[in-house]
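Sequences listed follow chains G and L, in order. If you use this note's numbering, the first sequence corresponds to residues 2 to 492, in order. If you use this note's numbering, the second sequence corresponds to residues 8 to 323, in order.
None of these hints come from the bench; they were simulated from the model. In this text the structure is predicted, and so the values were computed from the model without any measurement. Worth double-checking, as some hints may not be accurate.
Restricting the straight-line Cα-Cα distance to at most 20 angstroms, the calculated cross-link-like pairs of lysine to any residue (SDA-like) are [as the list claims (entries may be wrong)]:
{"hint": "1", "chain 1": "G", "residue 1": "Lys67", "chain 2": "G", "residue 2": "Pro82"}
{"hint": "2", "chain 1": "G", "residue 1": "Lys147", "chain 2": "G", "residue 2": "Lys205"}
{"hint": "3", "chain 1": "G", "residue 1": "Lys125", "chain 2": "L", "residue 2": "Gly48"}
{"hint": "4", "chain 1": "G", "residue 1": "Lys186", "chain 2": "L", "residue 2": "Trp178"}
{"hint": "5", "chain 1": "G", "residue 1": "Lys190", "chain 2": "L", "residue 2": "Glu179"}
{"hint": "6", "chain 1": "G", "residue 1": "Lys291", "chain 2": "G", "residue 2": "Ala362"}
{"hint": "7", "chain 1": "G", "residue 1": "Lys186", "chain 2": "L", "residue 2": "Glu179"}
{"hint": "8", "chain 1": "G", "residue 1": "Lys388", "chain 2": "L", "residue 2": "Ala185"}
{"hint": "9", "chain 1": "G", "residue 1": "Lys388", "chain 2": "L", "residue 2": "Leu56"}
{"hint": "10", "chain 1": "G", "residue 1": "Lys190", "chain 2": "L", "residue 2": "Gly86"}
{"hint": "11", "chain 1": "G", "residue 1": "Lys412", "chain 2": "G", "residue 2": "Pro435"}
{"hint": "12", "chain 1": "G", "residue 1": "Lys186", "chain 2": "L", "residue 2": "Asp92"}
{"hint": "13", "chain 1": "G", "residue 1": "Lys190", "chain 2": "L", "residue 2": "Ser230"}
{"hint": "14", "chain 1": "G", "residue 1": "Lys388", "chain 2": "L", "residue 2": "Arg60"}
{"hint": "15", "chain 1": "G", "residue 1": "Lys190", "chain 2": "L", "residue 2": "Ala101"}
{"hint": "16", "chain 1": "G", "residue 1": "Lys388", "chain 2": "L", "residue 2": "Met35"}
{"hint": "17", "chain 1": "G", "residue 1": "Lys448", "chain 2": "G", "residue 2": "Lys388"}
{"hint": "18", "chain 1": "G", "residue 1": "Lys190", "chain 2": "L", "residue 2": "Gly168"}
{"hint": "19", "chain 1": "G", "residue 1": "Lys388", "chain 2": "L", "residue 2": "Gly181"}
{"hint": "20", "chain 1": "G", "residue 1": "Lys125", "chain 2": "L", "residue 2": "Glu214"}
{"hint": "21", "chain 1": "G", "residue 1": "Lys125", "chain 2": "L", "residue 2": "Met35"}
{"hint": "22", "chain 1": "G", "residue 1": "Lys109", "chain 2": "G", "residue 2": "Lys205"}
{"hint": "23", "chain 1": "G", "residue 1": "Lys125", "chain 2": "L", "residue 2": "Leu56"}
{"hint": "24", "chain 1": "G", "residue 1": "Lys388", "chain 2": "L", "residue 2": "His61"}
{"hint": "25", "chain 1": "G", "residue 1": "Lys190", "chain 2": "L", "residue 2": "Leu56"}
{"hint": "26", "chain 1": "G", "residue 1": "Lys388", "chain 2": "L", "residue 2": "Ser36"}
{"hint": "27", "chain 1": "G", "residue 1": "Lys190", "chain 2": "L", "residue 2": "Gly181"}
{"hint": "28", "chain 1": "G", "residue 1": "Lys190", "chain 2": "G", "residue 2": "Ser29"}
{"hint": "29", "chain 1": "G", "residue 1": "Lys251", "chain 2": "L", "residue 2": "Glu179"}
{"hint": "30", "chain 1": "G", "residue 1": "Lys205", "chain 2": "G", "residue 2": "Pro72"}
{"hint": "31", "chain 1": "G", "residue 1": "Lys388", "chain 2": "L", "residue 2": "Gly166"}
{"hint": "32", "chain 1": "G", "residue 1": "Lys109", "chain 2": "G", "residue 2": "Pro130"}
{"hint": "33", "chain 1": "G", "residue 1": "Lys190", "chain 2": "L", "residue 2": "Arg60"}
{"hint": "34", "chain 1": "G", "residue 1": "Lys125", "chain 2": "L", "residue 2": "Arg60"}
{"hint": "35", "chain 1": "G", "residue 1": "Lys427", "chain 2": "G", "residue 2": "Asp393"}
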Amino acid sequence: MAKHIGASAFAILLALTGPALAAKDTLSLGMVLEPPHLDPTAGAAAAIREVVYANIFEGLTRIDAKGEVQPGLAESWTVSPDGLTYTFKLRANAAFHDGTKFDCGIVKFSYERAVAADSVNAQKGFFEPIVSTACPDPATAVVTLKRPTGLFLFNMGMGDAAMVAPNTAATNKANPVGTGPFVFKRWVKGDRVELERNASYWGKAPALRAVTFRFIADPSAAAAAVFAGDIDGFANFPAPETLDRLRGDKNFAVVIGTTEGKTILALNNTRKPFTDIRVRRALAHAIDRKMLIEALSGYGAPIGSHFIPTDPGAVDLVGVYPPDLAKAKALLAEAGIAPGTEITIKLPPPGYARRGGEVIAAMLEQVGLRAKLVPVEWAQWLDQVFKNSDFDATIISHVEPHDLDIYARDKYYFNYNSDAYRSLYKSYVEATDPAKQLDLVGQLQRKLTDDLPNVFLYALPKIGVWNAKLKGMWTNSPIAANDVTGVSWAE
Amino acid sequence: MNSAFLVRRLAGLLATLFAASVVVFTVMSVLPGDPASLMLGTGAREDTLAAMRHQMGLDRPAVWRYFGWIGGLLVGRLGTSYTYDVPVAELVAARAVVSLPLAVLAILLSTAIALPVGVTAARFRGRVADTLLMGAAQAGVAMPNFWLGLLLILLFSVGLGWLPASGFPGWEAGVWPALRTLILPAVALALPQAAILARVTRSAVLETLGQDYVRTARAKGVSERVALWRHAVRNALIPVVTIIGLQFSFLMAGTVIIENVFTLPGLGRLMFQSIAQRDLIVVQDLVVLLAGSVIVVNFLVDLAYMALDPRIAAGR
């Protein structure tokens, strides 16, 4: 409600001034959520990565703005023909902010720490294929795997695989010490994190001298902070209703990109009536994805499978289940679903779920299904839906990149269970030939569209709003990050 | 002063505090949601979750955890936040230096507005001044403070550019830079509170103005001014002080919406975030601290009663 009033208040009252120009070598970026702490190897929150990724912490590889793997603390690598041995050549002059030298011992420590029995790494699974990390010399790391792992280099570029030093690893949550071009300065909890340029960075020095991440949760407050020039912008702007105003102002750049957020209507495949594929397909025909996107922010691309349309290997399957109320009703009748049947949709806090739920409920009403909407907070969602599969349906965005594996797991909250998919997925991860990988990734998408365990809705957009003079901000969000190492101000 | 009255009040207050600690601990324990899985997200494996629970101390029995916590509180140890991994005392102190000045500022402002308005309205009951002031107060009561906050931002930050729209630079940035970020939120909080307080003041003063002793005072020939301020207003202050005490308690923790609108790192937002993050230890500590502060404020209000009305101190 605050948001709506805020938006209309803006529409009525905004007669305003351009934003004040910040000094040319500092940057103040807004973020909606504050990170719980600043150690990417001990928590899953995207907000951690949005502060520290590439700025403070670096891994052997890094993911660039296009989602491609680039050299990081490893300047190059070779992979053995069987796909089991990775030999990394490490940067000779890299060091941590406290002076600790970076070498193969650090790589060994970081990877072994991530799989240790007491590890709290949110993606421990990334490291599970590693058999050993050997150090023939300080500048070479040889990582041996149990089995070929197609995504290994990508995964080692994620924040979870950041290099950490033995003497600072335990205190990185409150005082992160990495090898990156920015040094942690301070964190005013509830308000902002401040970073400073690392004077002794091993690579190209960043253009920015100081970077501040400000945490502004309220959409109206976020819009006000941008309009008033308190901050230079938002990589993920939370108030799409003010975009028209921003577009009309030449001081601001409004940049719409993509994220890895696959937004789905997840269905409990072991609970009636969703055990019946005709019912699941009926839902897909009943939901008009274009109209749903229009009703939310107006941005984002429809998806036909659990895959982002702009990612390599994407197959366009959006047209497989076109909006068709008659067909949806026929399928439901065929499955013996009486008009007026009630289903419960649990809705976590984000707007795509809460507002999306209302739109979807109205669409399901048209084919005779009564949707009961139950708002839940994150903790409840994780407990009831994710952990205990206690749900009929839910709306959720899966933001992890390359996560087709969730459909291959033995037990995952939506209870999809297909041995055919599992064996297909196994051949995909073990494939080392890129062409074969692409072919298999296409087959996986088709299989999901065909079995339709969930209704695939749309890819969450990345709505960027920032000062028009700012250069080098990421358009898309292939991983959770605000990599500002390449950001600068135009003259 | 009647010391038995004070002792009785204090004992009641301590019992309240203890009850609050049991209630909040129980509620937080039965609330669905696992702090470890909130921290580690949907990709975490079972063994990782178990390691995180162990790190957080959640693998110990609830009774053990309660006594560990309450025992720590008794010796002044608030514990360590699950999520931020810093001492809770540090977190609370950092937020209190925002919330406390904001609450004080808002209450001073609201009292400074409400008392003259309420007394004036009572003095000119039924006349134009009364109608205008109470009309304004009616609008003030009806106005949600977050909406007022947004209007203030639009006018003073976005439009005129006089004051920042959001954020708090910290007191180390200097008194004025810090204080100026608190002005708009204090006004947004104070105006609706002032409206309520003005109405209470008006009716309380009207009631005392009709009392015999005021008539007697007038009959003795004191000026209307003295009759109003010394006899009527002073005796009308008890309900007014009660409302001020309630409002102050509200302002300590109930400002989460205004803190969101102005992005201030105050106690209300800390509480809100901690509940959402299931940072159990922070929530528990905050509830006990806030209950404690409400109790202290109530106690001060009681003391004020005694100062205002000697009959209460005498136990009559």
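Against the structure, the hints:
1. G:Lys67 <-> G:Pro82: With a Cα-Cα distance of about 27 angstroms, the restraint between Lys67 (chain G) and Pro82 (chain G) is violated, given a limit of 20 angstroms.
2. G:Lys147 <-> G:Lys205: violated (36 angstroms)
3. G:Lys125 <-> L:Gly48: Holds, because 12 angstroms separates the two Cα atoms, which is no more than 20 angstroms.
4. G:Lys186 <-> L:Trp178: Since the Cα atoms of Lys186 (chain G) and Trp178 (chain L) sit roughly 17 angstroms apart, the hinted pair holds (cutoff 20 angstroms).
5. G:Lys190 <-> L:Glu179: holds (15 angstroms)
6. G:Lys291 <-> G:Ala362: holds (15 angstroms)
7. G:Lys186 <-> L:Glu179: holds (15 angstroms)
8. G:Lys388 <-> L:Ala185: Violated: Lys388 (chain G) and Ala185 (chain L) sit about 44 angstroms apart, past 20 angstroms.
9. G:Lys388 <-> L:Leu56: holds (12 angstroms)
10. G:Lys190 <-> L:Gly86: holds (17 angstroms)
11. G:Lys412 <-> G:Pro435: violated (29 angstroms)
12. G:Lys186 <-> L:Asp92: Satisfied, since the Cα-Cα distance of roughly 17 angstroms is no more than 20 angstroms.
13. G:Lys190 <-> L:Ser230: violated (56 angstroms)
14. G:Lys388 <-> L:Arg60: holds (15 angstroms)
15. G:Lys190 <-> L:Ala101: holds (8 angstroms)
16. G:Lys388 <-> L:Met35: Given pair Lys388 (chain G), Met35 (chain L) holds - Cα atoms ~19 angstroms apart, limit 20 angstroms.
17. G:Lys448 <-> G:Lys388: The given pair, whose Cα atoms are some 25 angstroms apart, is violated under the 20 angstroms limit.
18. G:Lys190 <-> L:Gly168: violated (26 angstroms)
19. G:Lys388 <-> L:Gly181: Outside the cut-off at roughly 48 angstroms; violated.
20. G:Lys125 <-> L:Glu214: violated (71 angstroms)
21. G:Lys125 <-> L:Met35: Answer violated: Lys125 (chain G) to Met35 (chain L) is near 29 angstroms, above 20 angstroms.
22. G:Lys109 <-> G:Lys205: violated (26 angstroms)
23. G:Lys125 <-> L:Leu56: holds (11 angstroms)
24. G:Lys388 <-> L:His61: Given that 20 angstroms is the threshold and the Cα spacing comes to 19 angstroms, the pair holds.
25. G:Lys190 <-> L:Leu56: violated (26 angstroms)
26. G:Lys388 <-> L:Ser36: holds (18 angstroms)
27. G:Lys190 <-> L:Gly181: holds (18 angstroms)
28. G:Lys190 <-> G:Ser29: OK: Lys190 (chain G) and Ser29 (chain G) at ~16 angstroms, within 20 angstroms.
29. G:Lys251 <-> L:Glu179: Roughly 36 angstroms separates the two Cα atoms, so the pair is violated.
30. G:Lys205 <-> G:Pro72: At roughly 14 angstroms apart (the allowed maximum being 20 angstroms), Pro72 (chain G) and Lys205 (chain G) satisfy the hint.
31. G:Lys388 <-> L:Gly166: violated (49 angstroms)
32. G:Lys109 <-> G:Pro130: holds (14 angstroms)
33. G:Lys190 <-> L:Arg60: violated (24 angstroms)
34. G:Lys125 <-> L:Arg60: holds (16 angstroms)
35. G:Lys427 <-> G:Asp393: Cα-Cα ~29 angstroms, so violated.
Against the hints set out earlier in the document, violations occur for numbers 1, 2, 8, 11, 13, 17, 18, 19, 20, 21, 22, 25, 29, 31, 33 and 35.
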